[in-house]
Structure formats: structure tokens, C-alpha cells
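If you want the building blocks of each chain, they are given just below.
There are 2 protein chains.
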Amino acid sequence: MKNNKLAGVIKKSLLVILAASQQLSYAQNSGPARLVSYVKPLIGTGAVDKNSLSGSNFPGATVPFGFVQLSPDTQDGPDDPASGYDYNDKTIVGFSHTHLSGTGVSDLFDVLLMPTTGELKTEPGNAEQKGSGYRSAYTHGEETAGPGYYSVMLKDYGIKAELTSTVHVGMHRYTFPQNSQSHILIDLNHSLNKKRDYWACKIIGAEIRVIDQHTIEGYRIITGWAKLRKVYFHAEFSKPFDSATLVSGSSQHRDLSVINGSNLKAALNFNTTDNEQVLVKVALSPVSMENARQNLSVELPGWDFDRVSTQSSNKWETELSKIKIDGTQTQKEIFYTGLYHAFTQPNNIADVNGDYQATDLSIANAPDKAHYSTFSLWDTYRAAHPLYTLVQSEKTAAFINSMMRQYTSYGYLPIWQLWGDENYCMIGNHAIPVIVDAAFKGIKGFDVEKAYQAVKASLLTDHPGSPFSTWEKYQYIPEDIQSQSVSITLETAYDDWCVAQLAKKLNKTDDYNRFIKRSEFYRNLYNTKTGFFQAKKKDGNWLEPFNPLQYGGNGGNPYTEGNAWQYFWYVPQNVEGLIGLVGGDAAFNAKLDQFFTLEDKSAEKNGNASGFIGQYAHGNEPSHHIAYLYDYSGQPWKTQMYVSRILNTLYNNSSSGYAGNEDCGQMSAWYIFSAMGFYPVNPANGVYAIGSPVLKHAEIPVADGKTFTVDVNNPGAANPYIQSVKLNGKPYHKTYITQGDIVSGSRLEFAMGAKPNKAWGTKPEDKPPVWGY
Amino acid sequence: MKNNKLAGVIKKSLLVILAASQQLSYAQNSGPARLVSYVKPLIGTGAVDKNSLSGSNFPGATVPFGFVQLSPDTQDGPDDPASGYDYNDKTIVGFSHTHLSGTGVSDLFDVLLMPTTGELKTEPGNAEQKGSGYRSAYTHGEETAGPGYYSVMLKDYGIKAELTSTVHVGMHRYTFPQNSQSHILIDLNHSLNKKRDYWACKIIGAEIRVIDQHTIEGYRIITGWAKLRKVYFHAEFSKPFDSATLVSGSSQHRDLSVINGSNLKAALNFNTTDNEQVLVKVALSPVSMENARQNLSVELPGWDFDRVSTQSSNKWETELSKIKIDGTQTQKEIFYTGLYHAFTQPNNIADVNGDYQATDLSIANAPDKAHYSTFSLWDTYRAAHPLYTLVQSEKTAAFINSMMRQYTSYGYLPIWQLWGDENYCMIGNHAIPVIVDAAFKGIKGFDVEKAYQAVKASLLTDHPGSPFSTWEKYQYIPEDIQSQSVSITLETAYDDWCVAQLAKKLNKTDDYNRFIKRSEFYRNLYNTKTGFFQAKKKDGNWLEPFNPLQYGGNGGNPYTEGNAWQYFWYVPQNVEGLIGLVGGDAAFNAKLDQFFTLEDKSAEKNGNASGFIGQYAHGNEPSHHIAYLYDYSGQPWKTQMYVSRILNTLYNNSSSGYAGNEDCGQMSAWYIFSAMGFYPVNPANGVYAIGSPVLKHAEIPVADGKTFTVDVNNPGAANPYIQSVKLNGKPYHKTYITQGDIVSGSRLEFAMGAKPNKAWGTKPEDKPPVWGY
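Here the protein sequences line up with chains R and V, keeping their order.
So the first sequence is numbered by full-length UniProt numbering: it starts at 1 and just counts up by one.
So the second sequence is numbered by full-length UniProt numbering: it starts at 1 and just counts up by one.
It is worth saying that the hints were derived from the structure and are not from the lab.
Be careful, since some hints might not be right.
Repeated chains share a single entry, so a pair holds when one copy, or any two copies, can fit it.
Unchecked claim - No more than 25 angstroms apart at the CA atoms, straight line, and that leaves these computed lysine-lysine pairs for DSS-like:
{"#": "1", "residue 1": "LYS473", "residue 2": "LYS121"}
{"#": "2", "residue 1": "LYS505", "residue 2": "LYS456"}
{"#": "3", "residue 1": "LYS538", "residue 2": "LYS121"}
{"#": "4", "residue 1": "LYS202", "residue 2": "LYS227"}
Using the sequences plus the hints, can you model the full thing?
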């Protein structure tokens, strides 16, 4: 009894700690912290000030690679950020079930739910109006986001909203105040405004049906960035609603059980007691209502929200455990949130029975019940897919088999595929390095010979942005035939090189000769007078005037989302050849120095270029390999300097933790590799250039029970420079490791310091080679 | 041997006769003429002068109720006539595989083929350009159209094109001249221009794939009047093409085997000898490429064009034989072409395996391998569906079962359904009279109790154009809530009456009372001061100003495609009640007299109003029953006069044979009934009002081996008036017959004359009753 008071204090303290830990996503649990505790889904969701950037990520609930990604939207017609959620917005309009993570173009946002209280608005506006007409203030102090769980207090209504999910089902738990007019609104018109020039969204058809007082069904058919998406939903409520109000455009209906149209909303009306919880399960299917019902019954039969949330968290824990690290709390948060973002897609868009919408928009069935999409390949071939080969090798095969289905239908592999549907966003054919890389890494589960036919056909079949008959005829892409010609020339030469390597492995000598020749066509656009890759016209003359600082966007200019400075470095298949073009290591290093220090004095930058160090723009992918290029030209300490600077200044654990769009895992994968000390400059040659590790320790379980480990002595922003390296206990001077080093379970040790060791890694034989196998 | 010369002459004569008969569609065969010989598909395909009208029919090849309807298109972006073919156009742009017959809105036109010779055009124009860029002159002298067969000489290229089809497959036979540059073009961008305000067409995705030198496959996904159509095709060529040129927008590709995009074309290139025939079979599926292949292999495995054409002709002969008539050659041509047009749709849009695109745009399977669509119900419930109940009773059940699938998905029956997809064109819910009529006629093969639930729900579920909560609240449709309010009020009252009758039959007394009350709501819009049905506002006041001659279109006015004069007569469920409203027979007859003689002095007519006799406009459906109303008010000889006049002056066997859009069989069905002497003024009460038969004889096989026959003494335009009637040999004075008279196999005999017999049919008991069972 005498300890009562103390016990009370202890209890109170524990409560404070628990509350705090909950807000930190259980970071302070006893025992070794669960890795999920480091994941902060709010990272990358909004710029902290007008000069910083968002990653365009969303904070809501998803399982790894899940179809349903249930997240709050802060705008009625979400356009920018494309995730639908901006950390700086003060209100939430509801929770929709599908999202894109880190993209530059918005789409999805299917089946928005919003709980409210009070009088229903009687004037829902005109047929074009976006949004449910309802929004609520919220604060980040009353918001929690973790793997598989999101919650927020909707202050206008006094409702706590909690979200979790399975692969196909979103689960909502709304804690209402006492109110005789509580509502859960459903908005099927929530999507990007149809007024966008490209990929304008238009709802082709929609329906909401009241099955009984516990059940709503419906669908919407929509064309947008994905040409055609059919989204069927089946929603079940834990408490019977008293009535349903169905709204089509500007007309409201009570006592109606079904409504069809293009702009549909519904309000399910309840009488709630104080703190009464109403749960909703919303299952989606891209194929049919029947499949939506089946997805629900298979995946989420009961009403135990906490169990579903725990199961989701456990799934994440399993996936995150594929890399274990030691480092600072901040590093762990950036690293595991990065891994979380990398595993947020590609998404399995097949139903539990394997049905999916095929590339030709018919309905097909996947025997392995998996069809992956959301392939932002221009971004993700660089480091995200190489990361998947290490820690998601089974899924890598499934990704490839899914991409192969597009080849079978279209005749070429995906360029940018969303919801199983090619949208021709960006340039290049970078499913090719993904597949060739997987083939050389020995990923099991796909047919290499068939895959070879696919990568070859993808480089011989003319298609939008890829005029290959022009390519072989001119041996460069003429800007007056195909815009973005310099970028396409450079990137296609790389894809050609990849196919050449696989041709060689498969003893297809003629093919090898054809593609290896094409892989050197980049030389045809090198202007020795300016020292840049420049656009030529079909008559062979340079396109004038030329300004190496001038940006292009996505058409109308020779450079894609960048300028001649940023594209100069894109010859990952032959860096030595590139160095030769400018006259050797010294000239190359001088050019790199200028690149990293030249402040842009030109006019408008491309909106995707951000995170600058001189002309280097870490916020967009064309720059991602460039800091590592000093390894190839004898000054690896400069690679170390810039990589360290990028890791320490262009990533953080705030809502503006990325220097630009996170791009479906690519921006995160750059961090994950670089923080461990190496990066795949050429994502398909089995070579990783060494940079500047910032973590204390990292370990990756590899095949046969082995573990690849990295240990770093004296890491930190103040110690960017490698003093020495050991590989498996032996001094190591090379500025690279190989895939073989990783999969054999090597131990890599770094000793870091504040001053460069200019003796390390600078001999000619220390340079990363063209081929790592 | 001596007879050789004579034999030669006879042979030559026979050849001439055969050639002539072929051009007349085998009209002169020995023995009784085949009924197909009377079918002239060119009827209704184009106005003969600028003051006449087309039926908007197409002349091409189809089997009865076929999915593929393969026909020449004379315009690149066909809009008006909606069939794609205008008899007055001098050039043909190609042959597409799907068409609408007689509608006022255009859509379909899938997979256009065009044979040409000469240099391929190297500049295919911009991405928006419609058409293959090729067209050829033709003449009607070198054009033949018959059931299941169409041919035309393409004069620009010297190519004879012949077409035939099965349900899912179009078969082309092109006879080429000698040419090293012969081509068959495929255009997947051929469709209505996307610039239309409503139901704008947009191709969501398309593909053309060269499988081998004999085979092309592809698809297009398009949104238009039908919200979403997926059209997969598999095409086989009898002769291997030497090469294929694939075109996407403005870029041409040779040596490419597959192309994807939205504006796709292909040229298959041949070297042909003189008179060389190249055949093409194109199978369509609305579900998948695999199904298109299966449709071809099941329906059309060989290459015998003539056999396919003969089989199609035989199918038509079987269907046309369901009514046998005697009359003049012209009457037979109008009559059987009308029957042909009536059987051109609804179309079975299911694949041979039963797969079809369901109303909710998922893929479903019909156990009976049939899913019918193209339900232009505002038109066809009046006489086309009543005709189907008599001569297509099995299909009537299939039509109803198909419509029921929309009810299951949408909660209400089709209004205007195309390609399985509701487009909410026109007003009313006239699947209801179709189903109620079929139920009372005892059509087997559908579940009457379920159908009752559907017709009831269709009148209680608010949906576009049908605000039923408003209906019961105001007991009329207020124009300030729902435009076209007078027309909707009148037509909904009729639908209500139909449901009331079925409720009574099924002993649902409460429902009966509810709907029979609603069926009299038309009275609430009758303005005793003007003598017209007029629009009221929700405050109960009349909408002013009122001009009974002013036309409405499809919104923005109380009247639908007509004026207050034309809509005055729409109380088919209670003509006696209507007569009472105006004060009795004399006033009613005077008003009818005025209606048929009042020349319109107002401003612009609605584009659908045509075929005028005073205010009567036979070219559009609101007028169709009006000439028969004198039967109800004691002056049947005026019905006879006007019906005779309509039959003899507003139908002919030219390309401008209809007084307006043929409307999916309705305009033809009016002729078919009226020419036999009777018409279903109320299409669901089992009563047919007697008009003025123009045929000499008609017989319809009915159940149990019985035959209903009509014999007419002294028919003809000069003898419009009934002198006397016998039913089963007994004098008959009633101005109507019943469904029972027909199905019992009665014999109806008319004696006609030049002067009215005003004693016949004028007693009160001679008037058509409200109920015929």
C-alpha cells in the first residue's frame, strides 16, 4: 500500500512512454527494436518549407507490394503531390484505397471513404464537382503512421480514424462521438481532375448499390494515366446503417438501393454513442464484384482490426529483416523507411483467384496468383530493381514474368506500366537491364531464353519513343524525327549493351555483334567542339543553338527532364570509353569538378531537377550514378566526398526527407546501397562502385545460409573519406565489389576518416571494370 | 450438234437472266420466289432528294440478329446517317464490321477493311486524322445488296468487293486486277469523330499484330455512345501477303509485326494477277482475342464464300417465312425489307462460348450462349417488340432474359442499351411494356415473378430521366426538376399502367393500387384552358409561355423530339379517359381532324420530326399510334383514310423508303402490322386496332400448327375504306381484334372500297377496349 503513490507515478510514466512510443511507432519496445519501429511513412510526404521538396509518398496503410494502399488524401482532385497527401495541407478529405508512391504523375485514388457528423449537405454541387464536399482539419500531433497502420483525429467531427489493410482489403476503424447524425461517406468520383492535358481522367461508368444495412457494393470504370481501370468494391460495415443517401451529380436520393452514373457518392447514416467504433472493410478487385467478394472472404473474414494491423506489421517486419543495419536512429529511420518505400510497389494487381486485367485489357488468370504492375522503370532499373535481386529474388522472377506478359501482348516489354497498362511515360526500354541483370545474377523462376526473345524484340520493334528503324539507319536518333533524341540515344545504347551481353551468354553471336555495335552509337552525338552530347538533325548537322544548361522536359527538347550537363555522364556501359571521348582521366575529372560546382545561371529548370550540387541534381534519376564516376577516373576520394554529402544532406527523416520525387523506390534504393558503401553504376554488369558508407554495420542474408556484411569504423558526416578497406579480412584497394563478393557472403570492412586517403583506390587496376562476372 | 447454236443462245439468255436475277437478288427464280428476293437492303439508306428522308439503314451483309454486320461506309467519321452509309455519297471508304440500323446516333464501325491498288500513301496525316486516307468511287449500278450478301465495284481500284457473314465473322471476297501493288487496308481508327458533344468517341487503346503472312490480330478499346466497348479481332487471309505496313498516327513502319496506339492502321500488301480473288475472314469478340479465334474456328472454318452467303440467305429465308404475304411486288419489297430490318437487331453480343461484357463491364457467361443488346426501347416497344412476340417468341424470352441482367446489375431495366451498356438515350422505361406484354401473351422461357420484381423496381428506383420520388411526390414531373417533363409524365403513366396490370395478375393488390393510381397522373398536366398537356413547375403553376407548336428535342423543353400537339395523344392505357378530358368523341374527333390538317407555322421543327400529315409526323415514334385513335371515338373510316395514306405515301421501296429514322425495326414494324390491317395502339393490352390493310393476303403460323390469316378483297391505295369484315367467316363490326384472335389461328377477311362505310365499327361496343384478355 505504501508504494501506491510511487506505483501511480510509475504507471503514469509508463503511460507517457507508451503514448510516446506509440507515436514513434513502438520504437521503444523492450528487447531489440522491431525494424517496423524505424519506418516513418510520413517521410517524403511534404516539403517542410517552400524551398524544400517532398518525395510524393503517402503515409497510409499497406502490406508489402499490396494492391490496396489505404491512405488519407488532403485534396479533392489530387494532382501534386501525386500521392494525394501533402504534409502541409491542413485538412483531410477522406481515405482512398489506392495510391502511387513517389511518382510525378497522379492517378488511382479509388473509393474514398470519409466519416463525418452533423447535417448532410443538401447541395452536393454540380455533376463535375470533385470531392465529397466534406473535409476536416487534422494535426500531425494527432496523426500516427506506421507499417500497416495509420490513424488521425478528424477534428471537425471529433472522429478518430484508423486504417489497416490486407493485400486486397482496406479496413477502417472509426471512433465516433455521440451523435444522431453520424455518417460514413463514399465518393466514387474522387480522382484527378479531368482537365489535365495528358492522361485526363474520365469516369466511364460507376455504380453504388446497397445490398443490405451492412453491405455496399459498387464499381467505377475510369480512364486516366492508366488507360482503363475497372475497380469493383465490396464494403461491409460492422454496424448496420440506419439509412443510405445516394448521390448522382447534383441529385440526392434517399430510400434508393442502387445508383448508376459517373459522379456517384453515398452517405451511410448512423446513430452513434460516445466512443462507438464503426468498422468498415472495403475489398477491391480489378475484375469483378464477385472477385471483390472473394478477396474479402479469403483475406479478411473477421472484424479484429488490431489483429489485421499486427499481421500487416509482421509482414513488414519479415520484409524489412532482409537487411539488418546498425547506425544512428536517424539513419535507421531513413534506411528502413526507404526499404519500406522500395517494397511499396510493384503491386500485385491479381485477385486472390489469380484473375487480372491483362495488357490487352481482356481478363486473364495468373497461375501463380500474382500479376505485378506499377513499373516506373526509367527510375527503378537503376537501383531499386538491383536491390530487389538481392533481397526479393522470388519477387524479381514474378516481376519479370508479369512484364513478359506485356511483351507477349504488345511485342515489347513495359516502359512505364500502371495497373497492367502501358502508359509510355518517360524514355528507354529499361525492363531490359532489369531482366538481363536478373539473368546474370541467376535469379530462378523465369525462362531466360524467352526473356532473351523479349529483350531483343523490345529493341527491334518500333514503338512510341523507340523508333528503332531510325536508330539503325542513322546510328543516332535525329531530333527532327524523335524528340528527346540525345537522352534516347544515350539510354538506348545502354539497353543495347545489356542485350548484347545476354546474346553473348546465349551464344547468339550475330545478335551480339549487332547490339554491341549499337551500344556505341552514343559516340555519334558527341560534339568534340563543345565536349557534350548534342542533338543532330537527320541531315547530320548539329541542332543549333546549343546551351548545355538549357533544360528539356518530356518532349520538344533533346534532353529528358534535364540538360546536356546532366546527360553527359550517361554511358554506364563504357565509362572508360566516355573518359576517352573527353581526353582521359584528367580532363574527365576536371569536367566532373566543374559539373559539381557549376551553379546554374540559365533560365527555368525542369520541375523534376532538384537537390542540386552544382549541376548535379539528386532529385531526379539522370544524376544518380554520377557521383560514383570519380572511381573510374582515379579520384575515388571525390566520389566519397560527394556521396557522403548527398547521403548526409539530401536525405533526412522529415516529411521532406527526399530531394525530389521518391519515384517508386529508386530514391530510397540509392540511399540503401550508398549508405552501405556501394552502388550499381551499371545496374546490369555485376559491379558495384564503392562510395562512402555512413552506417556502422549492415548485413544481408544471401544464399545457402550465408550473410554478406559491411562493417564501418568511424562512420559519420565528419568522416566521409575511406582510409582503408578489407574484404574478407584482407586489405582491399579496388573501388568496387562484385555481385560474386556479395552472394558468397563476404565481409567488407571500411575505415573512415576526415581526410582523403588519396593513395587508396587510385591505381588503374582499382577502377571498376566493364564486367563483373 | 445441230442444236449447238440454239443451245448457245439459250445458255447466253440464261446467263443474262441469271445475271439480272442476281442483281435483283434472285427475284426471278423458278417456282415460288424466295422471300429473300424481296429484301432490298438499300431501302432506307439515303434520301432521294433533299426534301426526302433516309431510314439510316445500312446495306451490308448480316445474319438475323447477328453480332457482325459488315457494310460499306461512305464517310470517314460517320455521323449522319448513323448507319455509316449514305446512298447519295459517291465514294466508299471501306467496309466495317459493326453497324446500327436506323438509329439517330452513330457508333460502332469496328475494324474497317479497304482493298486498294497502287502506291501506298506515304503521308498518313496526323494522329487525329480519320479514315484510311483511301476512298473509291462506286455506282449503284455496280452494287448489289441482299440478305447475307453485298457487293460493289470499287472503280478507283478496279476491285470487286463482296461481303457475307456469320454471327461473329465477316467474310470478304475481293477480286483484284493484275497489280504488283495490291493492298488490303485495316483501319482501327474508323469511328465517329471524337468531337461530338455527347457520347464523344475516344479510342482508349488499340493493337494490330501480324501473326504470320496469313493472319492479323488486334483490338480496339473505345468509349462512345456505348460507354466501353472492347473489340478483339482475328483476321485470316486466303493468300499470304508479301509484306505488312503498320501505321500509328503519322508514323509508318515496315517489317514490324506489332503496333500499339490509339490511331492504328495497317496495309497488307499483295502482288495480284488479273481477277485474282483474295478472301479475308474477320472474327470479332467483345471479350478476348482467344474468343475471336474460337468464334472463327467454330463458325467459319473454310474458305467457301458462296456457301457462307447461301447459308446466310437461308437463315434469312427461315426468319422471313414467319409471315407470308401476297401483294404487289412493291409491297412485298417494303414488307420483307421491313421484316429484315426488324430482325437486324437486337444483336447477340455473346461469343460462341457464351462470354459477354456484362452491364457492369465485367466479363460474364451466358448459359444459353446468348446475350442480346441494341435495345432502342423508346422506339421498339411500340410495335417491333409486339411483332417479336408473334414471330420471334423464343427470342423474345432471350431478349427479356438479357434485359433482366441489366436489372440485376443496375437495379432497373434498360432504357436504351447498346453493346450491353446503358446509355440513357431517350425517356421512359419501356422495357416494362415489352416484358408485361410478353407475360400476358404467355411467352415461355423467362421467370415472370422475377420479371415483375424488375418492372416494379424500374418504376421505383430513381435514375437518370426517371425521378420517381418526384413522381409520387408531385404526381407529375415538374419541368424545373426534370426536363422533358410532359413527355416523361405521359410515358411514365403508361409504364405504371403496365406494371399495375401485371401486379393484378400476380395478385399484388397493394402494388396494383399504387401503380394504377400513378397511371392516371397524366391528368395532372392537362390544362383545360388550352386543351393540351402542359408543363407545370414544382410550385404547381403552368410553365409560361405555352405554344403547342413549339418543338422540344432531348432536354431543355417539356416535350421530347416533338411538340404539345404530337404528345397530346399519348394515353394509350386509357384512350377513353383522354377522350373524356376533351369533352367526348365529337371534341376528340375535331381535335384529331385539326391535328391531321394543321400545317406547322412555327419556327424550327425538331430534326426527328418528319413525314408530316398536318402535325402528324410519321418519321418519329410519338405519332405512331395516333392515326388509329379515330377507332376509339367512333370515326374508324378516318383511321382507315390516314393509315392507308401513310402506308401508301410514307413508305416506298427506294433508298428513301422511310419517312424518318427506321429506328431499329419500329418504323418497319408499323408497316408490317398496318399493312396486314391492325396495330397495337397499346402494345401491352392484347388489343389491336383495325386500320386499312393494303396486302391481299397475309398468314402467320401460330402455336399448335395453326395459322392466322388475313385476306383482303379489293385492296389498294384507291380503296382505303373498309366496307365489311369477317372474322372466321362471320360478319365482324369491331374496330379491333385481340391477341386471342391471332393465336387461335383466326381468319380475318376485309372487303375494301373507295368510299367509307360509316356504318361499320361506329357503335360504342365496336371501340377498342382497355383490355383484350
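Discussion item. I want to check one pair: LYS202 and LYS227. Are their C-alpha atoms no more than 25 angstroms apart within a copy, between two copies, both, or neither?
Written reply: both (10 angstroms within a copy, 11 angstroms between copies)
Item to complete: Up to 25 angstroms between alpha-carbons, please classify LYS505 paired with LYS456: within, between, both or neither.
Response: Classified as within; 14 angstroms inside a copy, 70 angstroms across copies.
Worksheet entry | Intra- versus inter-subunit Cα pairing at 25 angstroms for LYS473 with LYS121 | Cα proximity of LYS473 and LYS121: across copies only (21 angstroms, versus 64 angstroms in one copy).
Discussion item. At most 25 angstroms between CA atoms: does that hold for LYS538 and LYS121 within a copy, between copies, both, or neither?
Written reply: between (61 angstroms within a copy, 22 angstroms between copies)
In summary, the structure agrees with every hint in the numbered list given earlier.
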